[in-house]
Amino acid sequence: MIRVFAALVARDLRLAGRVGGSGALSLVFFLMIVALVPFALGPDLNLLSRIGPAILWLAAVLATLIGLDRLFQADDEDGSLELMTASPAPLEIVVLAKVCAHWLTTGLPLALASPLFGLLVALDGPATAATALTLLVGTPALTFVGAVGAALTASIRRGGLILAVLVLPLMIPTLIFGVSAAQAALGGTIPFATPLTILSGLSLIAAVVGTLAAAAALRWGE
Amino acid sequence: MWTRLANPGHFLRWSVALTPWLAGAAALTGALGLYLAWFVAPPDYQQGETVRIMFIHVPAAWLGVFFYGSMVLSAIGTLVWRHPLADVAQRAAAPIGAAFTLICLVTGALWGKPMWGTYWVWDARLTSMLVLFLIYCGIIALWRTVEEPNRAARTVAILTLVGAVNLPIIKFSVNWWSTLHQPASILRMGGPTIDPTMLYPLIVMIVAGTLTGIALHLYAMRTEILRRRVRTLTIREAERLDPGASVMVAYPAGPSA
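Chains A and B supply the protein sequences, listed in that same order.
Residues in the first sequence are numbered consecutively from 1, following our numbering.
Residues in the second sequence are numbered consecutively from 1001, following our numbering.
To be clear, the hints were calculated from the coordinates, so they are not data collected in a lab.
Honestly, I wouldn't trust all of these hints.
[Said to hold, decoys possible] Stretch by stretch, here's where chain B covers chain A in the computed footprint (C-beta under 8 Å, at least three residues):
no., stretch
1, 4-11
2, 150-163
3, 176-183
[Unchecked claim] Computed footprint of chain B on chain A; a stretch qualifies when at least three of its residues, placed anywhere within it, have a C-beta under 8 Å from a C-beta of chain B:
no., stretch
4, 95-102
5, 111-120
[Unchecked claim] If you anchor each label on the Cβ, the simulated ranges turn out as follows:
no., chain 1, residue 1, chain 2, residue 2, range
6, A, Gly201, B, Ala1109, 53 to 61 Å
7, B, Trp1081, A, Ala35, 47 to 55 Å
8, A, Ala7, B, Pro1243, 55 to 63 Å
9, A, Pro43, B, Phe1172, 34 to 42 Å
Each residue gets a CB set at the ideal place from its N, CA and C atoms; glycine is no exception.
Required output: the full structure, derived from the provided sequences and hints.
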């Protein structure tokens, strides 16, 4: 079981690396959104540093959506998904491995690179660290919720738009607690730990519900 | 008895007899409720005549949630028993629930303008209803995207259940978010408890709304069953005319067919 998991993660990472690096691309997309916001709001550094965590989180939500529609669709098209379904390993392990690989190529780079982008919106040291930590803890929830949508729309052509419509409402709790944890670190009445703990809880719930639901969607969607 | 009643053919027979009675009862209670709401219930000492919007607003909110609940039950029916009537019930419920949620949002906005001075505030309840409406929209969109009805039913059923798990979490987090950003300064929702002179019309209106909703639901289910029969007949006709191409028409999804 562990070997199947590791093999699938390695395969997806290798695919992501060879097909032109979806990780690098979503980083560029992330940077682009962060760069667009000052054009819309004006270059006021005080304002930007106040809403900085919100900008980074919104960018993370949108960047997670990139490439999500291909998560299962690519395998569905070339037939490898059927091989995985027919393999003795439970489909849940397959889903878990694919989602982990997807997070390693999108969510993790975003969280690691966010201190760099924090400079662009004038976040100070502690706020940058706090935002990076919330992104690290919270982006798995985004990816798992997104995986449900990806599994539901796996066999739909041009499923990208409907995928966004389906999963964005379900990402609201993660966004709320991610931003409020980061804001709490900027100073406020709430201790930093409370929203952060809830955020980690949301990630764990999303990991369980997302894996089961995505596997069910792949199994029964045929 | 339930299996018999749930057979689509039987369903078409008993629902055709039941629907007029339900619609009639809904019209009667609705007329009674509207009469009570317009002429018997007093204007509120603070809100004046605008309080009467509540008699539409509250039943609509209840029905928006009620139909999501019925969709969750249908989704379980679809996934556990693979019952075709559950598919039909779920599909028919989505637009009705979305419509009632929209009515709730619009009447709330109309009430909010004179009372709060704005059509929209980012209050926890308003936001939760908006998110519910968005989820309804996603479900309807998914129904329309997947062509093969059985596959669409199972796909939507999973989405409905995931949404049902998420709705309490969304409700909780939106509450947290709203109290964090905006303490209840404008709203006095938990203020004075409601007076009996307004409570009874409200209850009558809720009953009327529920009867209307169920009548609409039965009617929509009948339409959906008939639509499926037409679809099957069309496919058979196409198969008869052109046996080779029919598989492609019926199942554009792929090799599993």
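Verification of the hints:
| no. | hint | in the structure |
| --- | --- | --- |
| 1 | 4-11 | violated (count 0) |
| 2 | 150-163 | holds (count 6) |
| 3 | 176-183 | holds (count 3) |
| 4 | 95-102 | violated (count 0) |
| 5 | 111-120 | violated (count 0) |
| 6 | A:Gly201 to B:Ala1109: 53 to 61 Å | violated (34 Å) |
| 7 | B:Trp1081 to A:Ala35: 47 to 55 Å | holds (53 Å) |
| 8 | A:Ala7 to B:Pro1243: 55 to 63 Å | violated (44 Å) |
| 9 | A:Pro43 to B:Phe1172: 34 to 42 Å | holds (37 Å) |
Going through the hint list in order, the structure does not satisfy hints 1, 4, 5, 6 and 8.
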